[in-house]
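The listed protein sequences derive, respectively, from chains A and B. Add 377 to the 1-based position in the first sequence for this note's numbering, that's all there is to it. Add 377 to the 1-based position in the second sequence for this note's numbering, that's all there is to it.
Don't read these hints as lab results, they were simulated from the structure. From the three backbone atoms N, C-alpha and C, an ideal C-beta is built for every residue, glycine too. It is possible that part of the hints are untrue.
Unchecked claim - Covered stretches of chain B (in silico footprint by chain A; criterion: 3 or more residues with CB under 8 Å from a CB of chain A, positions within the stretch not fixed):
| no. | region |
| --- | --- |
| 1 | 394-402 |
| 2 | 443-454 |
| 3 | 537-543 |
| 4 | 586-597 |
| 5 | 650-663 |
Claimed, not checked - Computed list of lysine-lysine pairs in PhoX-like fashion (alpha-carbon distance at most 20 Å, straight line):
| no. | chain 1 | residue 1 | chain 2 | residue 2 |
| --- | --- | --- | --- | --- |
| 6 | B | K422 | A | K540 |
| 7 | B | K543 | A | K703 |
| 8 | A | K386 | A | K625 |
| 9 | A | K540 | B | K557 |
| 10 | B | K540 | A | K536 |
| 11 | A | K703 | B | K540 |
| 12 | B | K422 | A | K625 |
| 13 | B | K536 | A | K469 |
| 14 | A | K482 | A | K540 |
| 15 | B | K470 | A | K536 |
| 16 | B | K557 | B | K488 |
| 17 | B | K683 | A | K543 |
| 18 | A | K647 | A | K392 |
| 19 | A | K568 | A | K540 |
| 20 | A | K470 | A | K543 |
| 21 | B | K422 | B | K469 |
| 22 | A | K469 | B | K488 |
| 23 | A | K506 | A | K488 |
| 24 | A | K470 | B | K469 |
| 25 | B | K647 | B | K705 |
| 26 | B | K380 | A | K470 |
| 27 | A | K647 | A | K625 |
| 28 | A | K683 | A | K386 |
| 29 | B | K380 | B | K506 |
| 30 | B | K380 | A | K543 |
| 31 | B | K568 | B | K557 |
| 32 | B | K469 | A | K469 |
| 33 | B | K422 | A | K469 |
| 34 | A | K536 | B | K469 |
| 35 | B | K543 | A | K705 |
| 36 | A | K470 | B | K392 |
| 37 | B | K557 | A | K625 |
| 38 | B | K470 | A | K470 |
| 39 | B | K540 | B | K380 |
| 40 | A | K648 | B | K568 |
There are 2 protein chains.
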Amino acid sequence: MLKNDLILKAARGEKVDRTPVWLMRQAGRILPEYRAVRAKLSGFKELVETPELAAEVTVQPVDLLGVDAAIIFSDILVIPEAMGLTYEMVEKKGPHFPNTISTHKDLDQLKIAHPEDLQYTIDAISITKKELNGRVPIIGFAGAPWTIFSYMVEGGGSKTFSKARKMLYNDPELSDKLLKMITESTISYLKAQIAAGANMVQIFDSWAGVLPPGHYNQFSLKYIQQIASAISEVPVTVFAKGAYFALKEMNDVSCRTVGLDWNMDVEEAKKLLPNKTLQGNLDPCALYGSFDQIEQEAHRMLDRFKGHSHIANLGHGVYPDTDPEKVKCFIEAVKSY
Amino acid sequence: MLKNDLILKAARGEKVDRTPVWLMRQAGRILPEYRAVRAKLSGFKELVETPELAAEVTVQPVDLLGVDAAIIFSDILVIPEAMGLTYEMVEKKGPHFPNTISTHKDLDQLKIAHPEDLQYTIDAISITKKELNGRVPIIGFAGAPWTIFSYMVEGGGSKTFSKARKMLYNDPELSDKLLKMITESTISYLKAQIAAGANMVQIFDSWAGVLPPGHYNQFSLKYIQQIASAISEVPVTVFAKGAYFALKEMNDVSCRTVGLDWNMDVEEAKKLLPNKTLQGNLDPCALYGSFDQIEQEAHRMLDRFKGHSHIANLGHGVYPDTDPEKVKCFIEAVKSY
Numbered sequence: 378m379l380k381n382d383l384i385l386k387a388a389r390g391e392k393v394d395r396t397p398v399w400l401m402r403q404a405g406r407i408l409p410e411y412r413a414v415r416a417k418l419s420g421f422k423e424l425v426e427t428p429e430l431a432a433e434v435t436v437q438p439v440d441l442l443g444v445d446a447a448i449i450f451s452d453i454l455v456i457p458e459a460m461g462l463t464y465e466m467v468e469k470k471g472p473h474f475p476n477t478i479s480t481h482k483d484l485d486q487l488k489i490a491h492p493e494d495l496q497y498t499i500d501a502i503s504i505t506k507k508e509l510n511g512r513v514p515i516i517g518f519a520g521a522p523w524t525i526f527s528y529m530v531e532g533g534g535s536k537t538f539s540k541a542r543k544m545l546y547n548d549p550e551l552s553d554k555l556l557k558m559i560t561e562s563t564i565s566y567l568k569a570q571i572a573a574g575a576n577m578v579q580i581f582d583s584w585a586g587v588l589p590p591g592h593y594n595q596f597s598l599k600y601i602q603q604i605a606s607a608i609s610e611v612p613v614t615v616f617a618k619g620a621y622f623a624l625k626e627m628n629d630v631s632c633r634t635v636g637l638d639w640n641m642d643v644e645e646a647k648k649l650l651p652n653k654t655l656q657g658n659l660d661p662c663a664l665y666g667s668f669d670q671i672e673q674e675a676h677r678m679l680d681r682f683k684g685h686s687h688i689a690n691l692g693h694g695v696y697p698d699t700d701p702e703k704v705k706c707f708i709e710a711v712k713s714y
Numbered sequence: 378m379l380k381n382d383l384i385l386k387a388a389r390g391e392k393v394d395r396t397p398v399w400l401m402r403q404a405g406r407i408l409p410e411y412r413a414v415r416a417k418l419s420g421f422k423e424l425v426e427t428p429e430l431a432a433e434v435t436v437q438p439v440d441l442l443g444v445d446a447a448i449i450f451s452d453i454l455v456i457p458e459a460m461g462l463t464y465e466m467v468e469k470k471g472p473h474f475p476n477t478i479s480t481h482k483d484l485d486q487l488k489i490a491h492p493e494d495l496q497y498t499i500d501a502i503s504i505t506k507k508e509l510n511g512r513v514p515i516i517g518f519a520g521a522p523w524t525i526f527s528y529m530v531e532g533g534g535s536k537t538f539s540k541a542r543k544m545l546y547n548d549p550e551l552s553d554k555l556l557k558m559i560t561e562s563t564i565s566y567l568k569a570q571i572a573a574g575a576n577m578v579q580i581f582d583s584w585a586g587v588l589p590p591g592h593y594n595q596f597s598l599k600y601i602q603q604i605a606s607a608i609s610e611v612p613v614t615v616f617a618k619g620a621y622f623a624l625k626e627m628n629d630v631s632c633r634t635v636g637l638d639w640n641m642d643v644e645e646a647k648k649l650l651p652n653k654t655l656q657g658n659l660d661p662c663a664l665y666g667s668f669d670q671i672e673q674e675a676h677r678m679l680d681r682f683k684g685h686s687h688i689a690n691l692g693h694g695v696y697p698d699t700d701p702e703k704v705k706c707f708i709e710a711v712k713s714y
């Protein structure tokens with residue numbers, strides 16, 4: 378069915394003719410064609426919740442940049458919203474939750490999210506599937522329970538996430554209850570994404586890096602593993618930003634691919650994760666360089682991953698002010714390696 | 378002269394009767410006695426620039442919390458200010474530089490800072506010295522050149538520091554020039570702090586963690602080493618937050634002590650840095666726990682560092698909403714171990 382399944386082969390650890398490449402945040406942010414769609418709408422959330430348009434911006438980078446996979450345009454915060462905690466996306470500031478979770482009683486306002494509560498994303502995947510017509514695979518995604526928990530407790534972003542981390546010390550029982558609800562919601566959501574056509578799924582643990590190793594095992598990795606082990610239909614990728622201390626532990630997670638951020642030492646990761654495919658990890662700021670520099674940096678990165686199953690990507694979502702021509706240069710540099 | 382020189386002995390790798398303990402950000406933030414001094418002033422900078430008051434809040438934690446060292450109350454951003462780039466401290470938002478550095482021409486407005494431009498901190502150290510009367514050592518400090526560079530280019534804090542990191546790719550020559558100016562300014566500033574009475578100095582590389590390993594060596598560690606090797610008078614500590622990837626390279630830096638953040642694996646650090654004293658690294662959020670929990674967490678941390686020269690501390694500055702009684706509990710737990 379798929380004309381290009383390089384990324385699935387690489388994820389399964391199979392031999393590939395060349396390294397597949399895509400970019401986190403490729404849908405949205407950098408393309409003028411995306412901004413044109415976005416400009417017609419009231420806001421970011423309207424785009425997330427309008428399947429035809431979400432599918433349109435999902436397909437754009439496949440057409441315009443030549444990436445080897447489409448990632449569905451959505452947001453990790455659709456899960457807390459489907460659980461009963463609505464959020465606003467404040468322009469240039471980020472997400473804001475008017476209500477947050479701080480007591481056991483607050484859990485009463487929450488429910489386990491059902492896929493039908495997130496029908497807009499499921500529909501967006503179905504439409505994308507039709508529009509792509511087998512050109513490249515579709516990546517589905519969700520936030521890791523710890524990252525979603527952080528937003529639900531903090532009410533938004535934070536420098537230290539000290540409010541969310543405080544709860545882990547003060548009320549591990551409440552923390553566990555909430556993390557379990559998020560985990561259960563996420564499993565059925567990812568399964569619905571797969572049923573609608575997602576060929577692989579990625580779990581984003583954006584705030585992994587704020588936890589000490591012991592807490593990371595207890596309050597993040599445990600729930601990631603529950604999700605990963607529940608998904609046997611497609612390959613799973615885990616990207617735990619900043620959790621270099623947990624790389625070795627990723628061996629015990631039922632995922633095929635581990636994402637590396639741009640700080641992570643590739644040699645070390647290869648040694649620690651001999652049987653996992655690695656994804657990443659060019660510094661997103663390398664795309665501010667000249668075309669020659671970008672080609673050189675991309676090739677150097679590929680040199681580092683040599684001898685290991687690899688999916689090329691940046692080590693973070695592409696930054697909003699990146700020139701799309703520079704992104705194309707990066708993609709071409711990987712393809713021509 | 379010094380009645381308690383535990384921290385200096387530990388820094389030099391000598392045997393100590395018990396592990397010395399202090400907290401990053403112990404001066405300021407948490408004590409009501411600090412807030413009382415602060416409330417009488419127009420703002421944070423007035424306190425930094427008034428030697429008698431800076432000395433007063435420097436001594437407070439020695440009297441009130443029982444720490445084994447005083448760290449001079451100041452800010453790492455006094456260096457860019459003394460170089461010609463003034464900043465404002467915006468309440469609840471952080472520092473803001475009205476002018477920033479983006480071109481070679483912008484360097485013309487800068488000069489190498491001279492210690493007399495920072496006389497207020499030097500005087501604060503002299504007054505602190507008198508007031509402490511040998512009770513505990515005084516720690517002087519400065520920001521690492523990369524961290525100071527980041528502020529001077531970005532104009533304030535940032536999630537990604539992509540503007541500062543962009544310059545490293547686009548104009549390594551300009552980056553080097555600015556980093557050299559900061560380095561030179563910092564060396565003479567730290568030497569003046571030592572001449573005034575600082576018994577040890579710490580270099581804070583707060584934004585170490587945003588650089589890929591290659592850039593960290595080239596644009597941060599190189600200049601830290603220039604500073605560390607210029608200071609032979611007193612022991613030097615380097616705290617590079619988030620730079621787990623550079624722990625091994627710290628062996629090549631002429632510092633006695635390496636600070637660990639709360640994400641860092643202590644066992645790993647002990648192996649990588651057999652001849653350095655290690656400082657840290659309790660999760661600052663552990664101080665939100667109960668008194669029993671804090672004692673337990675502090676003792677567990679001390680267990681981990683066993684067999685290695687160690688200065689007890691948190692893995693980050695103490696968070697502003699921490700109960701001073703909980704801080705005392707942490708300090709007592711270290712002392713009674």
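Going down the list of hints, with the structure as the test:
Restraint check on the region 394-402 of chain B versus chain A: 0 residues with Cβ-Cβ distances below 8 Å, three needed, restraint violated. Using a Cβ-Cβ cut-off of 8 Å, 0 residues of the region 443-454 of chain B lie near chain A, which falls short of the minimum of three, so the contact claim is violated. A stretch counts as covered by a chain when three or more of its residues have a beta carbon under 8 Å from one of that chain; for the region 537-543 of chain B and chain A the count is 4, and the coverage holds. Look at the region 586-597 of chain B against chain A: 6 of its residues bring a Cβ nearer than 8 Å to a Cβ of that chain, three or more, so the hint holds.
For a cut-off of 8 Å, the count of residues in the region 650-663 of chain B with a CB near a CB of chain A stands at 4, and the three-residue condition holds. At most 20 Å may separate the alpha-carbon atoms for a hinted pair to count; K422 (chain B) and K540 (chain A) exceed this at roughly 28 Å. About 13 Å separates the Cα atoms of K543 (chain B) and K703 (chain A), which keeps this hinted pair within 20 Å; it holds. At most 20 Å may separate the alpha-carbon atoms for a hinted pair to count; K386 (chain A) and K625 (chain A) exceed this at roughly 23 Å.
Our distance criterion of 20 Å between C-alpha atoms is broken by K540 (chain A) and K557 (chain B), whose separation comes to about 39 Å. Proposed proximity of K540 (chain B) and K536 (chain A) is supported: the alpha carbons are some 19 Å apart, at most 20 Å. With a C-alpha separation of about 16 Å, the suggested pair K703 (chain A) and K540 (chain B) falls inside the 20 Å cut-off, and the hint holds. A threshold of 20 Å between alpha carbons decides the hint, and for K422 (chain B) with K625 (chain A) the separation of about 45 Å lies outside it, so the pair is violated.
Among the hinted pairs, K536 (chain B) with K469 (chain A) is consistent with the structure: their alpha-carbon atoms are about 12 Å apart, no more than 20 Å. Of the pairs offered as hints, the one joining K482 (chain A) and K540 (chain A) holds, with about 17 Å between alpha carbons and a cut-off of 20 Å not exceeded. Restraint check for K470 (chain B) and K536 (chain A): the C-alpha separation of about 11 Å stays at or below 20 Å, so the hint holds. Among the hinted pairs, K557 (chain B) with K488 (chain B) is consistent with the structure: their alpha-carbon atoms are about 11 Å apart, no more than 20 Å.
A C-alpha spacing of about 27 Å is found between K683 (chain B) and K543 (chain A), which places the hinted pair above 20 Å, so the restraint is violated. Restraint check for K647 (chain A) and K392 (chain A): the C-alpha separation of about 17 Å stays at or below 20 Å, so the hint holds. At roughly 31 Å between alpha-carbon atoms, K568 (chain A) and K540 (chain A) are farther apart than 20 Å, so this suggested pair is violated. Proposed proximity of K470 (chain A) and K543 (chain A) is contradicted: the alpha carbons are some 24 Å apart, above 20 Å.
Of the pairs offered as hints, the one joining K422 (chain B) and K469 (chain B) holds, with about 14 Å between alpha carbons and a cut-off of 20 Å not exceeded. As the CA atoms of K469 (chain A) and K488 (chain B) are separated by approximately 35 Å, the hinted pair breaks the 20 Å bound. For a cut-off of 20 Å, the pair hint linking K506 (chain A) to K488 (chain A) is broken: about 30 Å separates their Cα positions. Among the hinted pairs, K470 (chain A) with K469 (chain B) is consistent with the structure: their alpha-carbon atoms are about 15 Å apart, no more than 20 Å.
Taking the CA atoms of K647 (chain B) and K705 (chain B), the gap is near 27 Å; set against the 20 Å cutoff, the hint is violated. Distance hint between K380 (chain B) and K470 (chain A) is unfulfilled; the C-alpha atoms sit about 51 Å from each other, more than 20 Å. Of the pairs offered as hints, the one joining K647 (chain A) and K625 (chain A) holds, with about 10 Å between alpha carbons and a cut-off of 20 Å not exceeded. Annotation: proposed proximity of K683 (chain A) to K386 (chain A) holds, straight-line Cα distance about 16 Å (limit 20 Å).
The hinted pair formed by K380 (chain B) and K506 (chain B) meets the criterion: a straight-line CA distance of about 13 Å does not exceed 20 Å. Simply put, K380 (chain B) and K543 (chain A) have alpha-carbon atoms about 37 Å apart, too far for the 20 Å limit, and the pair is violated. Restraint check: the Cα-Cα separation between K568 (chain B) and K557 (chain B) comes to about 17 Å, which is no more than 20 Å; the hinted pair holds. In summary, the hint linking K469 (chain B) to K469 (chain A) is supported, as the alpha carbons are separated by about 18 Å, within the 20 Å threshold.
Between the alpha carbons of K422 (chain B) and K469 (chain A) the distance comes to roughly 29 Å, so the proposed pair goes past 20 Å and is violated. Only pairs whose Cα atoms come within 20 Å are accepted, and K536 (chain A) paired with K469 (chain B) is accepted, the gap being roughly 12 Å. For the given pair, K543 (chain B) sits about 18 Å from K705 (chain A) by alpha-carbon distance, which is consistent with the 20 Å threshold. Between K470 (chain A) and K392 (chain B) the alpha-carbon distance is near 51 Å, which puts this suggested pair outside the 20 Å criterion.
As the CA atoms of K557 (chain B) and K625 (chain A) are separated by approximately 38 Å, the hinted pair breaks the 20 Å bound. Between K470 (chain B) and K470 (chain A), the direct Cα distance comes to roughly 13 Å. Compliance with the 20 Å bound is thereby established for this hinted pair. Among the hinted pairs, K540 (chain B) with K380 (chain B) is inconsistent with the structure: their alpha-carbon atoms are about 47 Å apart, more than 20 Å. Of the supplied pair hints, the one linking K648 (chain A) and K568 (chain B) is violated, its CA atoms being roughly 43 Å apart against a limit of 20 Å.
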